[in-house]
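Peer 1: So the protein lines, in turn, are chains A and B. Residues in the first sequence are numbered from 186 upward in steps of one, following the working numbering. Residues in the second sequence are numbered from 186 upward in steps of one, following the working numbering.
Among these hints, one or two may not hold up.
Note: identical chains are not told apart, hence a pair may lie in one copy or across any two.
[As the list claims (entries may be wrong)] Derived pair list, reagent style DSBU-like, types lysine-lysine, alpha-carbon separation capped at 35 Å: (1) Lys470 x Lys326; (2) Lys206 x Lys290; (3) Lys478 x Lys325; (4) Lys442 x Lys325; (5) Lys325 x Lys476.
Please keep in mind that the hints were generated in silico from the structure rather than gathered at the bench.
Protein chains: 2
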Amino acid sequence: MFAKLRKTGYKMINKLIEEIKKKKAPVVVGLDPMLSYVPEFIKENAFKEFDETLEGAAEAIWQFNKGIVDAVYDIIPAVKPQIAMYEQFGIPGLMVFKRTIDYCKQKGLVVIGDVKRGDIGSTSAAYAAAHIGEVTVGNKKYCAFDEDFITVNPYFGSDGIKPFTDACKENNKGIFILVKTSNPSSGEFQDRLIDEKPLYEHVAKKVIEWGEDCMGDTYSNVGCVIGATYPEMGKVLRKLMPKTYILVPGYGAQGGKAKDLSLYFNDDGLGAIINSSRGIIAAYKQEEYAKFKEEGFADAAREATLAMIEDINSVL
Amino acid sequence: MFAKLRKTGYKMINKLIEEIKKKKAPVVVGLDPMLSYVPEFIKENAFKEFDETLEGAAEAIWQFNKGIVDAVYDIIPAVKPQIAMYEQFGIPGLMVFKRTIDYCKQKGLVVIGDVKRGDIGSTSAAYAAAHIGEVTVGNKKYCAFDEDFITVNPYFGSDGIKPFTDACKENNKGIFILVKTSNPSSGEFQDRLIDEKPLYEHVAKKVIEWGEDCMGDTYSNVGCVIGATYPEMGKVLRKLMPKTYILVPGYGAQGGKAKDLSLYFNDDGLGAIINSSRGIIAAYKQEEYAKFKEEGFADAAREATLAMIEDINSVL
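Pulled out of the complex, with its shape left as it was, chain A reads as follows:
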């Protein structure tokens, strides 16, 4: 399906918005599987087959991911696998990262690869090829990981970003560029004032500029990342960048609250997609969902997702 859409000039941001509207859920589930989130019975089975190896860990994560995806794919538009959680298990982990991407796309989900890559131009071109572009081998072309969107780090400036925006245009993909991150110390550099404006606003202005050439119907294929933990900044940035989709991490486990999240949306009810990782995939560990027990981890994830969607829609 995606291959066909690609040829007809389909824009990935349109696809994301369409799925958000269809599911009535501006929500993305973060597939960030720490091994400590995986139920014991899954780990036991995986270690029985592969011993306590990287392969065993990867198999456990795959079974866990598959359970979660099967339980929630019909109620959410998108998933966001965090590559670091796979990279730590080396090659077997990265094979499961790829397997997860493919499985989620099969299920009709938009896949946001949370990779936060960024480098000088020639190197960014290789990262873009790896994730949202193509690499040429002789007369053949391949996209190694083939996510729909990826996250990108802006520290290198325009020439480090251009290969990613080029890939967006050539392959109808999208990116989300870090503007204001959700972590406690994000202000150390990002909040510092330059000409009386914080650095993140200067980055935001560049994101708008980079995105102008990559427009979908109403929003750009070049989005940004703004943490749910900084709603006052989200409010200012929302007004500054009306055509930029905002990927919002930090809801739930990191402390972001629904009542603040309305500030990240435009009047059309669009413009933001809220991520939750731990709060969904490890829901069965919370008191609220304890009744599901380990065996019901996937059902607990579905319940937590439904609760999150209701929570967010209640403030829109």
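Fit chain B to the given chain A structure using the hints.
Peer 2: Below, chain B alone, put in the same frame as chain A:
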């Protein structure tokens, strides 16, 4: 060898300095193998065995890397594989990234993984585990990629850096944090003035702070990256951060010149290590080394490395 050193509290920056002194070469060869750098006869052989696939590309890159490493390992202290160039070939590419790390360590080289990772704390912890730390699987521990140093992006601030410095301390590893990058547009954000000082100086001050707790004998295990293309800035930063080792990309193909590079060194003749990638590994494509032809790509790389070492030592 490294495992034993680790247990005796050996510091990675000491090891790097020792190798630089032994080889009289403050030089690192960047193993950034674009497929276009690989001689045709190597590609033909690889494609004959694996067809024009990601596996074929990865095999070609491996044969190319091995040729280069065999030709230069005795005259250089370190190599810097750029992971993006492997990541673009997916799982087979990343397997060759790992194989290259292992082979270079076998040859006694210090390996700087140019990965430029960085994220919120919990995610940085996973990246640190992947590259310079350990991940726990049941009762076993693994380091998936196991470089000696990696490069790190500072945009998230202290809590995004801490897992990397923790890993340095726990495993006697090192990192190089981006301060002023070599690319033309690096100034867009990095040069902007905050309290009358450019952003990169504020980052530099934090690098000093983060590094104080990770000292080797004379230099910190927390180094920084400053491009050869900005010598005036290198000069200021060198004075600002006397105990910080500087990894200097941008020499040669990117335009950095030896006469400027003396500014990156301290009076002890130490404090900087200069990287060249294309200028070494694709030397056979330059007019100066054309006599080696494709078949002599490795010998051309050795000649170019010797010339680079002489060039840099001439200004120290």
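Peer 1: Now look at each hint and say whether the structure bears it out.
Peer 2: The hints, checked one at a time:
Within a single copy, Lys470 and Lys326 get their C-alpha atoms only as close as 44 Å, which misses the 35 Å cut-off; across copies the closest is 25 Å, which meets it. In this homomeric assembly, Lys206 and Lys290 come within 35 Å of each other (Cα to Cα) only inside a single copy, at 18 Å, whereas the closest approach across copies is 52 Å. In the homo-oligomer, the alpha carbons of Lys478 and Lys325 lie at most 35 Å apart only across protomers (27 Å), although the nearest pairing inside one protomer, at 48 Å, exceeds that limit. For the identical chains of this complex, Lys442 and Lys325 are neighbours neither inside a copy (48 Å) nor across copies (38 Å), given an alpha-carbon limit of 35 Å.
Taking the shortest Cα distances, Lys325 and Lys476 sit within 35 Å of each other only across copies (32 Å), while inside one copy they are farther apart (52 Å).
In this structure, only the earlier hint numbered 4 is contradicted, and the remaining ones agree with it.
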